[in-house]
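Work out the full structure: start from the sequences and follow the hints.
Numbering follows the UniProt record's numbering, with no gaps: position 38 of the sequence shown is 38.
Read the hints as simulated data drawn from the structure, not as lab findings. Mixed in with the good hints, there may be bad ones.
[Said to hold, decoys possible] Dumping the calculated DSS-like pairs for lysine-lysine here, alpha-carbon to alpha-carbon at most 30 Å: (1) Lys-28 with Lys-44; (2) Lys-26 with Lys-44; (3) Lys-44 with Lys-31.
All of these numbers come straight from a predicted model, not from anything done at the bench.
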Amino acid sequence: MAFARVLRQQNVGNRVNQSAQANRNKLKNVKAVVVQLTEDMVEKIFA
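Right, here's the structure in full:
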């Protein structure tokens, strides 16, 4: 019984870690897009 509880807690922990990792990846993608847009705007302004 206790063993099942430990497994369940581990699964919940893994899911939390996975979603945190997914959020970090999304954030990286957003940052990359913002940097790209900023560079494009700067190029247009100074072109």
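Cross-check of the supplied hints:
| no. | hint | result |
| --- | --- | --- |
| 1 | Lys-28 with Lys-44 | 24 Å, holds |
| 2 | Lys-26 with Lys-44 | 27 Å, holds |
| 3 | Lys-44 with Lys-31 | 20 Å, holds |
Violation of the numbered hints given earlier is absent; every hint is satisfied by the structure.
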